[in-house]
Amino acid sequence: MRDLSIYIHIPFCVRKCLYCDFLSFTASAGEIESYVNLLVQEIEEQSVFYRDHRVISVFLGGGTPSILPAEEIGRILQAVRENYRMTDEVEITMECNPGTVTAEKLGNYITYGINRLSIGLQSTQDEELARIGRIHDYEMFLHTYRAARTAGFVNINIDLMAALPGQSIASYRESLERVADLAPEHISAYSLILEEGTPLYERKGQYSFPTEDEDREMYQMTKEYLAERGYQRYEISNYAREGFACRHNQVYWQRGDYVGFGLGAASMVGDVRWSAPESMKEYKDYVENMRTCTENVFQQAGVQVLTMQEQMEECMFLGLRMMCGVGCQDFYEKFGCTMEAVYGPVIEKMISQNLLQKENGYIKLTDRGIDVSNYVMAEFLFE
Amino acid sequence: MAVIEQSRIRNFCIIAHIDHGKSTLADRIIEKTGLLTSREMQAQVLDNMELERERGITIKAQTVRIVYQAKDGKEYIFNLIDTPGHVDFNYEVSRSLAACDGAILVVDAAQGIEAQTLANVYLALDHDLDVFPVINKIDLPSAEPERVKNEIEDVIGIEAQDAPLISAKNGIGIEEVLEAIVHKVPAPQGSPDAPLKALIFDSVYDSYKGVIVFCRIKEGRVRKGTSIKMMATGATAEVVEVGYFGAGQFIPCEELSAGMVGYLTASIKNVKDTAVGDTVTDLDNPCAEPLPGYKKVNSMVYCGMYPADGAKYPDLRDALEKLKLNDASLNYEPETSIALGFGFRCGFLGLLHLEIIQERLEREYNLDLVTTAPSVIYRVYKTNGEMIELTNPSNLPDPSEIDYMEEPVVSAEIMVTTEFIGPIMQLCQERRGRYISTEYIEATRALLKYELPLNEIIYDFFDALKSRSRGYASFDYELKGYEQSSLVKLDILINHDEVDALSFIVHADSAYERGRKMCEKLKDEIPRHLFEIPIQAAVGGKIIARETVKAMRKDVLAKCYGGDITRKKKLLEKQKEGKKRMRQVGNVEIPQSAFMSVLKLDDK
Numbered sequence: 001m002r003d004l005s006i007y008i009h010i011p012f013c014v015r016k017c018l019y020c021d022f023l024s025f026t027a028s029a030g031e032i033e034s035y036v037n038l039l040v041q042e043i044e045e046q047s048v049f050y051r052d053h054r055v056i057s058v059f060l061g062g063g064t065p066s067i068l069p070a071e072e073i074g075r076i077l078q079a080v081r082e083n084y085r086m087t088d089e090v091e092i093t094m095e096c097n098p099g100t101v102t103a104e105k106l107g108n109y110i111t112y113g114i115n116r117l118s119i120g121l122q123s124t125q126d127e128e129l130a131r132i133g134r135i136h137d138y139e140m141f142l143h144t145y146r147a148a149r150t151a152g153f154v155n156i157n158i159d160l161m162a163a164l165p166g167q168s169i170a171s172y173r174e175s176l177e178r179v180a181d182l183a184p185e186h187i188s189a190y191s192l193i194l195e196e197g198t199p200l201y202e203r204k205g206q207y208s209f210p211t212e213d214e215d216r217e218m219y220q221m222t223k224e225y226l227a228e229r230g231y232q233r234y235e236i237s238n239y240a241r242e243g244f245a246c247r248h249n250q251v252y253w254q255r256g257d258y259v260g261f262g263l264g265a266a267s268m269v270g271d272v273r274w275s276a277p278e279s280m281k282e283y284k285d286y287v288e289n290m291r292t293c294t295e296n297v298f299q300q301a302g303v304q305v306l307t308m309q310e311q312m313e314e315c316m317f318l319g320l321r322m323m324c325g326v327g328c329q330d331f332y333e334k335f336g337c338t339m340e341a342v343y344g345p346v347i348e349k350m351i352s353q354n355l356l357q358k359e360n361g362y363i364k365l366t367d368r369g370i371d372v373s374n375y376v377m378a379e380f381l382f383e
Numbered sequence: 384m385a386v387i388e389q390s391r392i393r394n395f396c397i398i399a400h401i402d403h404g405k406s407t408l409a410d411r412i413i414e415k416t417g418l419l420t421s422r423e424m425q426a427q428v429l430d431n432m433e434l435e436r437e438r439g440i441t442i443k444a445q446t447v448r449i450v451y452q453a454k455d456g457k458e459y460i461f462n463l464i465d466t467p468g469h470v471d472f473n474y475e476v477s478r479s480l481a482a483c484d485g486a487i488l489v490v491d492a493a494q495g496i497e498a499q500t501l502a503n504v505y506l507a508l509d510h511d512l513d514v515f516p517v518i519n520k521i522d523l524p525s526a527e528p529e530r531v532k533n534e535i536e537d538v539i540g541i542e543a544q545d546a547p548l549i550s551a552k553n554g555i556g557i558e559e560v561l562e563a564i565v566h567k568v569p570a571p572q573g574s575p576d577a578p579l580k581a582l583i584f585d586s587v588y589d590s591y592k593g594v595i596v597f598c599r600i601k602e603g604r605v606r607k608g609t610s611i612k613m614m615a616t617g618a619t620a621e622v623v624e625v626g627y628f629g630a631g632q633f634i635p636c637e638e639l640s641a642g643m644v645g646y647l648t649a650s651i652k653n654v655k656d657t658a659v660g661d662t663v664t665d666l667d668n669p670c671a672e673p674l675p676g677y678k679k680v681n682s683m684v685y686c687g688m689y690p691a692d693g694a695k696y697p698d699l700r701d702a703l704e705k706l707k708l709n710d711a712s713l714n715y716e717p718e719t720s721i722a723l724g725f726g727f728r729c730g731f732l733g734l735l736h737l738e739i740i741q742e743r744l745e746r747e748y749n750l751d752l753v754t755t756a757p758s759v760i761y762r763v764y765k766t767n768g769e770m771i772e773l774t775n776p777s778n779l780p781d782p783s784e785i786d787y788m789e790e791p792v793v794s795a796e797i798m799v800t801t802e803f804i805g806p807i808m809q810l811c812q813e814r815r816g817r818y819i820s821t822e823y824i825e826a827t828r829a830l831l832k833y834e835l836p837l838n839e840i841i842y843d844f845f846d847a848l849k850s851r852s853r854g855y856a857s858f859d860y861e862l863k864g865y866e867q868s869s870l871v872k873l874d875i876l877i878n879h880d881e882v883d884a885l886s887f888i889v890h891a892d893s894a895y896e897r898g899r900k901m902c903e904k905l906k907d908e909i910p911r912h913l914f915e916i917p918i919q920a921a922v923g924g925k926i927i928a929r930e931t932v933k934a935m936r937k938d939v940l941a942k943c944y945g946g947d948i949t950r951k952k953k954l955l956e957k958q959k960e961g962k963k964r965m966r967q968v969g970n971v972e973i974p975q976s977a978f979m980s981v982l983k984l985d986d987k
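Chains as they are written, first to last, in the working numbering: chain A, 1 to 383; chain S, 384 to 987.
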């Protein structure tokens, strides 16, 4: 029996944040309901392919899943439970934004079996939140966070962002301290990346952004400060107290099987990747044709069977995001040849530049390697 | 076919400044005489290279034979020889002119005489051609035919009052031109019974027939089986086929005799053997003297050409070989650069020639090229009395071995409206020009004469000229000779390694300025690395300018959401792909665009 993770995409938001380039938009109650209907149908239709899988994690992401009425979340998770075999320790995470949940909603989530909550805070400075177009302030976040604890959530993640417009090292440090004081089990800390086409990108000239050096200082400080406070960095941007690393997150980097449901959701099962269509109309066709399994469905999903080389590339550039690195033995077992034989010269070169290190049979990024991880990872792609 | 009377032959060419409508007039003449119906006409029949049509210039001489029924009731044979229209191809032009007996001078009714018009007319007059003018583009609102007529008479001194007023584009006045050809171009002279004496004015390579020699029979006759000899190169061959030029095709015939223009093939493998300007004679009955004016064409401008993908080196070699078959003025020899790998040092007649070859290599042979800065041929006089001709700056001997150096200088004529005289003189001054004279052609236009070092005009002089005169200046030049000059080699060091492909020779006074600009430009072109990269310009080991590419601090992927890794992978692939197009020098990766960007230092 193989492990399976499930991702469920809820593409709706109260409004889009200024830096966001994910697949999300606003929607009416009616639109939300018909979307959940499709989602439930998709979950049911696809279950036949996963009879010999057991689900180890479920992740409800978005968008903002928490803007759905609680019952809709219940409906989705019920469909999952009825159609898939779940392990006893299954991790069920839901993302939520401050100001979109009530004590009652949170209580319902617990009843549906949701045992991990990921709250998008980004910053504790209200001016910084306003500049990037968040819908909440720090006070609203605190309210949500306390309500979650009261409701009984014992595994909470808080999202933070560095390199925000107008952010200083001191203000970021304060956000870090305040968050650590709240003692969540897990902290995600990403640097803002200005994506072309987002409103923030268009108006970037109006703000002063932290310099690259400051950005790296923030990153370094995050690692050191959070370590003092009992958080281990287990992935480039993720920190957790002992035993609270996110299982779902690790599946992506360690190339476990995962299936995504919903608009534009990505899947990888048995070294085959595909994604659901990104337009609502196409997604509807896709779900409705699923039973007959026409050629069209495969085409819409852009099914890609990964070659051995592509699997190796992924194994390296995804695996290196994990601080534990990529195991040489695991590589050998998966591909039947040694990492040395495939990537020897690259690894040698990267080690000589102090970007990679080899420790106890694992290849991993050095601190400097993390800073320029794109550069290192690109080296592992074949010609 | 009836015997063609010499008196019914008219061999002529059309001379004009670029854009004054030479090729369009040629098309109209061909159309009017019924060689092709207008439906068959592709605009500008004679420019048959894709590139020629696109750039609106003629690169190789093209020739066509037309039969014209004149108003006097007789049929005339016209041989229209279309000449290349650029200063780079001056020698080819002069040989084409030598094949003619008369020339039509096309002058734009709005623009009047330009520098190139003058140069071409003088060239034609030098060859004793009867030149008659036609005024083109009279349909333009800005046309001033009377003014232009006067200008032609004043400046060139040829009769222009009865010049046909035409619009080649709209087919106005073409009949008049045709009649003028009959009456104003003299019939060819020369005895068909004298020993064979034919002028080669061009040649093309055909993979079946070998070299096809374009020639004008001055005396004697040639037919299949004639044993021929090229008097300058000494090559001999037996004629396989003779013929004349249809529109875009070769039409075989029995014999070519004195006065005729046509082609011959003789299973000749190499265009080198049939140099333009050479005289073809009968091996068994040779003429006493070759035709005058033959000279070996030398390359004026050199540059290194390298395949962007090193594995394409053999492809580049094959492509150059093929181009060379048709273009005797292209020279190349293999060279190696530490930065760019294996490539060729190529010699060209001028910058346009260089650009054309480069474009043809890229387009017709699908090659991605990296070209180094063009260089002229410097003469290096060493202390041991030896003189070397330097075509590649990297080969400059150690300064201690150099006594002095000389650089080529050209005589330039610039035609400009008076309001722009100031800016143009300033430009010439900046380019180390030596002022010779100003001649006023009329109240508003002047001809400036300068002597300029060739290396100052091979980069972007023409562009600068156009921009400082809002497009009104025209320019022509010819090599004057060599002059002693204070020259130094400017080296570029990237991360302390000298990059040979970026070295060039420059006048000592502009070394600092150029070095500074190079460093600035390279700083923008070279991506950040994991370490800091100094970019330095040096003369004789002394650093004269420096810029620094800062080390890359950060290059991290954003959040990878919901397991969708395809976007991230694309990003990494793009990064990797970008690196493939880089050249490794020491441990620095230099994009190919960097090598090219330094050619355009004056871009604002």
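It cannot be assumed that every hint is accurate.
In silico DSSO-like links for lysine-lysine, alpha-carbon gap of 30 Å or less [claimed, not checked]: (1) A/Lys223 x S/Lys906; (2) S/Lys592 x A/Lys349; (3) A/Lys349 x S/Lys952.
Partial selection, computed: residues in chain S whose CB lies under 7 Å from chain A [as the list claims (entries may be wrong)]: (4) Ser610; (5) Val763; (6) Arg897; (7) Lys900; (8) Asp938; (9) Val939; (10) Leu955; (11) Lys959.
Honestly, the hints are just simulated from the structure, not real lab data. Predicted, not measured: the structure shown is a model, and the values here were computed from it. Using N, Cα and C, we set each Cβ at its ideal position, and we do this for glycine too.
Against which earlier hints does the structure fall short, listed by number upward? Result: hints 1, 2, 4, 5, 6 and 7 break, sorted rising.
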